[in-house]
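The whole structure should be built from the sequences, with the hints applied where relevant.
Just so it is clear: in the sequence shown, position 9 is 93 by the working numbering, and no numbers are missing.
Mixed in with the good hints there might be a few duds.
Stated by the list, open to error - In the BS3-like style, the derived pairs of lysine-lysine whose C-alpha atoms are separated by at most 30 Å in a straight line are:
hint, residue 1, residue 2
1, Lys110, Lys90
2, Lys130, Lys90
3, Lys130, Lys110
4, Lys103, Lys132
5, Lys110, Lys132
6, Lys103, Lys90
7, Lys103, Lys130
8, Lys110, Lys138
9, Lys103, Lys138
10, Lys90, Lys138
11, Lys90, Lys132
In short, the hints are calculated from the structure, not lab data.
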Amino acid sequence: MSEEFKAVLSWEGEQEEVKILANTLKVDDPESFILESIIIDDETAKLKVTVISKSPSSLRSTVDDILTCLMAANSTLSSIKFSDQE
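Here is the structure:
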């Protein structure tokens, strides 16, 4: 039986932000992770990404890709919010 390696990433924020971040990840490599959006209340949601891999190096590579994608999307969201406030 082969060993599996697992990492769970989660982020909590406004529902619209979670939706945008989830959609950003859907265009990546969806076979390499499980994506869940969980509504907490009327305004808040949680994004949960579970990565399962057959090797630690593959797990790290996938997690790095996901974090890079999320950071870019979050940076764009922050820029849009800042522009709206001006």
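For the pair supplied as a hint, lysine 90 and lysine 138, confirm whether the alpha-carbon distance does not exceed 30 Å. holds, 9 Å
Within a Cα-Cα threshold of 30 Å, do lysine 103 and lysine 130 meet the stated pairing? holds, 9 Å
Can the restraint linking lysine 103 and lysine 138 be considered satisfied, given a maximum Cα separation of 30 Å? Satisfied, since the Cα-Cα distance of roughly 29 Å is no more than 30 Å.
Is the Cα-Cα distance between lysine 103 and lysine 90 30 Å or less? With Cα atoms ~23 Å apart, lysine 103 and lysine 90 stay inside 30 Å; holds.
Sort out whether lysine 90 lies within 30 Å of lysine 130, counting only the CA atoms. holds, 19 Å
Does the structure keep lysine 103 and lysine 132 at a Cα separation of 30 Å or less? holds, 12 Å
Is it true that the CA of lysine 130 sits at most 30 Å from the CA of lysine 110? The given pair, whose Cα atoms are some 16 Å apart, holds under the 30 Å limit.
30 Å Cα cutoff - pair lysine 90, lysine 132: Holds, at about 13 Å.
Do the alpha carbons of lysine 110 and lysine 132 lie within 30 Å of each other, as the hint requires? holds, 13 Å
Is the hinted pair lysine 110 and lysine 90 satisfied, with a Cα-Cα distance of at most 30 Å? holds, 19 Å
Proposed proximity, lysine 138 with lysine 110 (alpha carbon, max 30 Å): holds, 21 Å
Going through the hint list in order, the structure satisfies each hint without exception.
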